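Could you build all of it, start to finish, from the sequences and the hints given here?
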Amino acid sequence: MSGFAKSSIARKVVMALSGLFLVLFLALHVTINMSSVISPETFNAWSHFMGYNPVVQFLMQPILIAGVVVHFVMGIVLEFQNRKARPVRYNQYRGSANAPWVSRNMILSGLVVLAFLGLHMYDFWLHEINYKFVEANPEDPTRYFEETVEKFAPLWRTVLYVISFVLLALHLWHGFASSFQSMGLNNKYSPAIRSFTRLYAIVVPLLFIFIALFHHLNPITH
Amino acid sequence: MNLLLKIWRQNNSASRGSLVDYPISGIEGDMSFLEMLDVLNEQLIAKGEDPVVFDHDCREGICGSCSLMINGEPHGPDRLITTCQLHMRKFKDGDTIVIEPFRASAFPVIKDLMVDRSSFDRIQQAGGYISVNTSGHTVDANAIPIEKEKADESFAAATCIGCGACVAACKNASAMLFTAAKVSQFALLPQGQIEATDRVLNMVKQMDLEGFGNCTNTGACEVECPKGISLENIARMNREYLMASAKG
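Heads up: the protein sequence lines correspond to chains A and B, in order. Once you know that position 3 of the first sequence is 3 in UniProt numbering, the rest is easy, because the numbers rise by one and skip nothing. Once you know that position 30 of the second sequence is 30 in UniProt numbering, the rest is easy, because the numbers rise by one and skip nothing.
If you are wondering where the hints come from, they were derived from the structure by calculation, not from laboratory data. There could be a bad hint or two in this list.
Here's a subset of chain A near chain B, in silico, CB distances under 10 Å, partners left out [to be verified]:
#1 Gly3
#2 Pro62
#3 Ala66
#4 Gln81
#5 Arg89
#6 Tyr90
#7 Gly175
#8 Ser179
#9 Leu185
#10 Arg198
All values reported here derive from a predicted model rather than from experimental measurement. Heads up, the beta-carbon is just placed ideally off N, CA and C, and yes, glycines get one too.
Here is the structure:
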């Protein structure tokens with residue numbers, strides 16, 4: 001088993017499984033966020049449920065954090081191994097002749113998304129921890145919509161969110177379908193998987209961008 | 001045709017190499033790339049200089065000896081050919097051509113453009129075979145019925161000549177396409193089933209030990225492979241490996 005854990009294929013499968021898990025999470029996340037555009041009450045109800053349900057808080061949230069950590073740590077470990085595999089670089093290397101830019105720059109798009117995640121955790125997760133556990137404020141099921149919209153008031157934050165989601169789109173464009181290849185699935189369904197990947201990689205980040213812009217352009221006026 | 005060649009010169013694996021400029025003239029479009037290098041070497045020898053060392057053997061695209069990274073692509077700008085099948089008509093008068101060795105830590109430079117690809121041999125030796133009694137009781141291979149599709153897929157995988165273009169093209173210097181082709185050619189046939197579990201585990205283990213990088217599914221290997229070995233083989237090897245690991 002130790003040989004399996006150390007093998008390049010097992011590491012790729014770990015990347016694939018954690019990546020697919022995060023793809024599923026994105027679908028849930030964008031669905032809840034879209035409710036903030038359609039119905040603030042629904043968004044508040046969802047957010048309160050996610051923030052206080054013990055199963056979500058103490059089972060699903062740690063699994064999600066583990067999934068993110070595993071995906072990023074393994075991605076960086078693999079990148080270091082890959083660089084070690086070619087210690088002397090080519091003077092001329094035409095990567096664009098045989099592979100698309102997105103597939104060759106997953107580490108770049110991944111690191112941008114990771115940096116964004118730092119901001120995102122600061123904006124929302126740390127805020128929640130502070131609200132609930134440090135300041136020990138009482139439950140307020142009506143606060144989430146306003147807090148979210150306020151976050152998008154500064155232009156710089158909205159722009160950072162938009163840029164990050166463009167990079168996330170590029171990351172998904174290659175990563176989603178690629179995870180099936182890593183797990184050994186390359187058959188008659190692969191063209192359909194690739195088509196769905198492209199649709200997903202465009203629609204989901206575009207919805208996140210729409211939400212950020214919508215709240216930036218529609219601030220709450222007291 | 002007059003050309004400027006920028007060729008990687010390196011005395012041995014321990015020394016540092018560099019690109020050296022060699023202007024060359026009188027090159028015909030019908031010459032192969034290796035014939036062009038032969039012309040250069042004759043000129044260098046006539047001048048008392050050290051000729052450029054490069055690998056070659058059959059010069060008809062079947063032995064896998066010739067390598068060369070030409071203008072940033074293994075085997076040059078053409079598709080589905082080896083360096084020896086590349087013709088100078090693919091270049092224009094006045095072109096600059098950068099010629100480097102295939103680069104990977106598992107392919108150390110021996111001299112100039114010649115690299116040591118014995119890591120491929122060791123992967124093959126780790127499991128790229130079937131054990132057959134050849135002591136006079138050999139069963140006719142054709143006595144075992146094999147589906148046409150499987151036979152064709154196996155044959156396609158077996159056309160890999162082990163040149164290393166997949167490693168050279170891959171941004172991670174991964175040897176997954178080579179290893180996958182060698183695993184697949186047996187995994188698809190009944191004769192390969194008996195040793196299937198050990199084969200894939202041992203060949204992947206050896207591939208990792210040699211220090212090749214990890215596959216990130218860019219597909220560069222498939223595009224640059226002179227024999228058109230498909231990425232489906234990598235997916236098949238991944239499947240075989242996961243099933244073999246589950247069996248223990």
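Do the hints match the structure? See the list:
Interface restraint check: Gly3(A) against chain B, minimum CB-CB distance 6 Å, threshold 10 Å, status holds. Interface restraint check: Pro62(A) against chain B, minimum CB-CB distance 27 Å, threshold 10 Å, status violated. The restraint placing Ala66(A) at the interface with chain B is violated, with a minimum CB-CB distance near 22 Å, outside the 10 Å limit. Given hint, Gln81(A) at the interface with chain B, holds; its Cβ is 6 Å from that chain's nearest Cβ, closer than 10 Å.
Using the Cβ-Cβ criterion of 10 Å, the hint placing Arg89(A) at the interface with chain B is satisfied: the shortest such distance is roughly 7 Å. Below 10 Å, beta-carbon pairs count as interface contacts, and Tyr90(A) has one with chain B at about 6 Å; its hint therefore holds. For Gly175(A), the interface hint holds, the least distance from its beta-carbon to any beta-carbon of chain B being 9 Å, beneath 10 Å. Because the closest C-beta pair between Ser179(A) and chain B is about 9 Å apart, less than 10 Å, the hint holds.
Proximity of Leu185(A) to chain B holds as hinted, the smallest CB-CB distance being about 6 Å (cut-off 10 Å). At a threshold of 10 Å, the smallest CB-CB gap from Arg198(A) to chain B is about 15 Å, leaving the interface hint violated.
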